[in-house]
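The lines below spell out each chain.
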Amino acid sequence: MDTIKDILFYYTQNGSYVWEQFYRHFLMSAYGVLFAAIVAIPLGILIARYHKLSAWVISLANIIQTIPALAMLAVLMLVMGLGTDTVVFSLFLYSLLPIIKNTYTGIRNVDHALLESGKAMGMTKFQVLRMVEIPLAMSVIMAGLRTALVITIGIATIGTFIGAGGLGDIILRGTNVTDGTAIILAGAIPTALMAVIADFVMGWLERKLSPNKKRKGALKKNIEEQAA
Amino acid sequence: MLKFEHVSKVYKGGKRAVNDLNLEIEKGEFICFIGPSGCGKTTTMKMINRLIEPTEGSIFINGKNIMERDPVQLRREIGYVIQQIGLFPHMTIQENISLVLKLLKWPEAKRRERARELLKLVDLTPDYLEKYPHELSGGQQQRIGVLRALAADQPLILMDEPFGALDPITRDSLQEEFKKLQRKLDKTIVFVTHDMDEAIKLADRIVIMRDGQIVQCDTPDDILRNPANEFVEEFIGKDRLVQARPNIQTVEQIMNPKPVTITPEHSLSEAIQLMKQCRVDSLLVVDEKKVLTGFIDVEMIDQKRKKANLVKDIVETEIFTVEKDTLVRDTVRKILKRGMKYVPVVDHNHHLVGIVTRASLVDIVYDSIWGEVETDEISKIG
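If you read the protein sequences in the order shown, they are chains A and B.
Taking numbering that gives the first Met the number 0, the leading residue of the first sequence gets 0, the next gets one more, and so forth.
Taking numbering that gives the first Met the number 0, the leading residue of the second sequence gets 0, the next gets one more, and so forth.
Mixed in with the good hints there might be a few duds.
[As the list claims (entries may be wrong)] Okay, the calculated bits of chain B under chain A, using three or more residues with CB under 8 Å as the criterion:
no.: 1; region: 92-102
no.: 2; region: 255-262
[What the hints assert, rightly or not] Within a straight-line C-alpha distance of at most 20 Å, the following computed DMTMM-like cross-link-like pairs (lysine to aspartate or glutamate) qualify:
no.: 3; chain 1: A; residue 1: Lys124; chain 2: B; residue 2: Glu134
no.: 4; chain 1: B; residue 1: Lys101; chain 2: A; residue 2: Asp178
no.: 5; chain 1: A; residue 1: Lys207; chain 2: B; residue 2: Asp69
no.: 6; chain 1: B; residue 1: Lys2; chain 2: B; residue 2: Glu129
no.: 7; chain 1: A; residue 1: Lys124; chain 2: B; residue 2: Asp185
no.: 8; chain 1: A; residue 1: Lys207; chain 2: B; residue 2: Glu116
no.: 9; chain 1: A; residue 1: Lys124; chain 2: B; residue 2: Glu76
no.: 10; chain 1: B; residue 1: Lys45; chain 2: A; residue 2: Asp198
Hints listed in this document are in silico derivations from the structure and should not be mistaken for laboratory results.
Glycine is no exception: its CB is placed at the ideal position from the N, C-alpha and C atoms.
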């Protein structure tokens, strides 16, 4: 009970500070995923097209994924120095694999018959991509972004070691003081919460973009039309 | 309309999928390509809209070589329907139908109108426009697939086993619906199938292919009547040939060529013995030149055996006959209508050449149902 009281006390005393770190933490993760998406989605599409490349690209991304987070940060720090940029860059690297893999899988799994009928109807290659492949692969691509975001929120806590701030700062402070349980939890709980919420929101978005789940929207529209 | 000139397709590894194909298709014709798998029928069809490019030769649509045209533009002018239907699951029925129109940059309102109009062709209500493909049954989906190919009023439509994945009942109704639609809209259709019944039902002309070459190209009737070779015969299947036969076959082909006969000079006891021996109840009476004069049966012998001795004394000369080149169809009708047990078959000079009995009719029915031909087993009179 004491611990809970302590946590609440910490929040009342440092509310704006926690919020600031929370926001900073989220931005680092989001930027990491965003930059990764900008690179990885086109790369995923590319290797889906020329799938001889896929083995190379995916195993490279796999190797990146196996490097321990702390080691990665330390190595990047040698090159890029301290600060947020280094953390964002490492989060970018960690996000690559889930996004590339999902984009690749999503695009490859689009029914061949649909591609053929698209082509036979007179779509250009780009139109097939824009009107058929991407919409149909969208929910799988979103699932990749979701995984990436949850991973990066976790890893971003380590950013504190190279002075990037974020909720990791609070956790680290808790470990450095005696009886710091409350402070550790005060940093860990928002981190976990952020991951859960991110997962939930991305999951909702993923379902929303799924090609086969449009019925509800259509039904609603019909009812509205009838009512009007 | 559509012309193939020495078209060949050689795949990597030297396999000739299509070999020196020449064919001309008229406007408004319904052409079925048929053949065993790997015969090049689908390849041939896909070369028309350049989904596959021919290796040699050229294809002309309305006199224009398709290789000189932009493939994307070309495909927008050719309808295409595939077996897997291929409706886009993330688009409504309306968007699916009017997709080609969208590619052709029609305005939204016009596209909507056209989709509505097309839906009427297949007796679907406009509320289907807002639905998604997965909410429709397979038959309905393929109707939409066909409509999609008609959307821009393309004069030429390619169909790759479009009804192959449907259940037999749906397939049947869709075939009929589609045939009607084709006549109404006057489209040229190239239809690939491996189902001979479908081809016979739909096609104006059937192109039978094997190993990348045309084996026979004719109307369904001509193919059934005159299969070009054994392969075609085998491919059509014996049952269909037999089924096709009752309409075109003459009596001569189904008659029993060895009726049990007797000459007028024989005695009645000899006649009875012959009947017993051959397990029949009637005998045809012929003279030495095999000219049919009449018949006797067991009842007549029984009634008159006390008064008469010889066959010629009791022979009944009122007898119904058919000539050997009459059509089976007509003969069958006569036998059934008049309740006759048999009909003697004669040539032009009234020589007896054979007999058609009810047993022969059983054979015809049996053949058409089970496809076995056992003509030598036709039994004797009665």
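**OP:** Give me the numbers of the hints this structure contradicts, sorted from smallest to largest.
**Re:** 2, 3, 4, 5, 6, 7, 8 and 10
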